[in-house]
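J.: Each chain, letter by letter, is given below.
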Amino acid sequence: MKSFFNAIANLFKKPVTTQYPFQPTYKPDDYRGLIGFNEDLCIWCRRCEAVCPPGAIVFSQDMEGKQTYHYNRAVCIYCGECVRSCPKEGAIFQTAEPAPCALKAENINNGWNKLFPEAIQSREAFAAEKKRKAAEAAKAKAETETKQQ
Amino acid sequence: MGKTYEIPVGAQHISLLEPLHFKFTTENERIIKADANVYYVHRGIEQACCSKFKFRQVSFVVGRVCGLCSISHTTAYSQVAEKLLKIEIPKRAKYLRMLVIELDRIHSHLLCLSHVAENSGFEALFMKTMQYREFSMELLEGICGNRIQYDYSIVGGVSRDLKPEVADWTLKRLKEFMPQLDELLDIYQNNWTLSLKNKGAGAIDKETALRLNVVGPFARAAGLAVDVRNETEDLLPWKEAGFEMVLEKTGDVYARNLVRLRELYVSIKIIQNVINGLPEGALVTETKAFPDGEAVVRLEAPRGELFYYAKGNKTQVLERLKIKAPTFSNVAGMVEAFNNNEYGSAPAIIASYDPCLSCTAR
Ligand code: SF4
Ligand code: SF4
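One line per chain: the protein sequences are A and B, in this order.
Numbering-wise, the first sequence is residues 3 to 151 according to the working numbering.
Numbering-wise, the second sequence is residues 218 to 579 according to the working numbering.
Hints are computed from structural coordinates only; laboratory data are not their basis.
On a predicted model such as this, the values are computed, not experimentally measured, just so you know.
Note that CB positions come from ideal geometry on N, CA and C, so glycine has one too.
Worth double-checking, as some hints may not be accurate.
Once the Cα atoms are required to be at most 30 Å apart in a straight line, the calculated DSSO-like pairs of lysine-lysine come out as [to be verified]: (1) Lys-90/A with Lys-271/B; (2) Lys-220/B with Lys-269/B; (3) Lys-345/B with Lys-29/A; (4) Lys-15/A with Lys-345/B; (5) Lys-116/A with Lys-271/B; (6) Lys-16/A with Lys-271/B; (7) Lys-90/A with Lys-531/B; (8) Lys-15/A with Lys-240/B; (9) Lys-505/B with Lys-90/A; (10) Lys-380/B with Lys-250/B.
Interface residues of chain A toward chain B, partial, derived using beta-carbon atoms under 7 Å [said to hold, decoys possible]: (11) Ala-11; (12) Lys-15; (13) Val-18.
Which bits of chain A does chain B cover? Going by a derived footprint, with three or more residues having C-beta under 8 Å, they are [said to hold, decoys possible]: (14) 31-45; (15) 76-82.
Could you build all of it, start to finish, from the sequences and the hints given here?
T.: As structure tokens, then:
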């Protein structure tokens, strides 16, 4: 009998669910959201790339040695390891912004799968080029030294 | 001897929450034999942890073994890695780990209870339990920054601090939850319709439970006093935080419901003690060492004893990682407890085991 009256009373109560997306749901101020990056502060140590568990950060490098930061929000698990590992405060930081859905036009999966090895390759190419230049310089130096003798 | 029928349930079934397959042999609606097949979702996580990921990254990988007891897996792995690194973590980190594990237990137990109610045909109680469970999800989100994948334990400590305002808010919400928990306990204990489905169903006695090595609330409902929190003190100071053993005698679905509900009171007490007596100090112990040697760790997850074994060889990548989830230990007991029950009670019995097959198959 008690449950019968409870059932009737429940008909007049407000629903306990939240009318998402028309009403916002609960979100703490320090929600683990998108990762932000500040190019001016970064010292390009690539520590964040090394610690990231799923590999959501990668740095590519052009032939002048300038590095570019790439980040994939669909791969990121928002763990904050990159922020904890960064030696320069503020270079990489976590915002409270939830990640927006990826659109088809972004080509977020295939594009990233292509970009990731390319970025690694670009770094290897730069390192090889640097090594070659260093070897050349050393050779030239050795030649001038022998000439002087 | 009447005619026997074989009824397969699963691997995908409307009343099953998990990818597991049961084969019941029934005689006149009565189950005389049950078989279980559990390995449907093998994901190769152990192999990935020993090849693709560095040992510090593994704590985030094992967090994805299970959605419900993510924190138990991360904490157990972090502890085993700390043993390999031979470091002691700060006391504050230990307390914060206990806090999140107990909050996780609250939401996991309430989820299980709601599914028992649903599978017993009591849909309204399912909704009520889920409504009352929501507070624990919000607290976890406030503390860890995410509703499900907490990523809270890291090798060496915890990743975030507990802010004072969040701590106050947690205590406030727990106080609000207390009368709701009393109400739930009253319903699960005294509701006549629910007792028809739950009392005497899926019973297992103490000797059988011991023989089949049953763990967690499943064992405690049968009167078997197994709880890792009662046995180990070195890694997390459970007794200091107010742990008490909860036991029932009958070992049926009803007893399992009661064990889970009464454990929530213990969890709430632990959380309150942790927040009120939180020691000051650092969150992480830093080290540059590499894992070396072998170690095992046991931890009480919501479903029972979770076991981790790891072997390191002084490199970034572990040599071996072995995870034994509580449900794995329970499979033998699960099959046994079906015997001599009505086929109609099978859904409620399955839900009352609280099976987590993704953990088991990893
Ligand atoms: S938050 Fe975690 S997953 Fe995301 S970029 Fe940083 S380290 Fe990688
Ligand atoms: S760890 Fe910090 S400083 Fe180093 S590359 Fe990443 S963002 Fe830059």
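J.: Tell me, in ascending order, the numbers of any earlier hints that this structure violates.
T.: 2, 6, 8, 10, 11, 12
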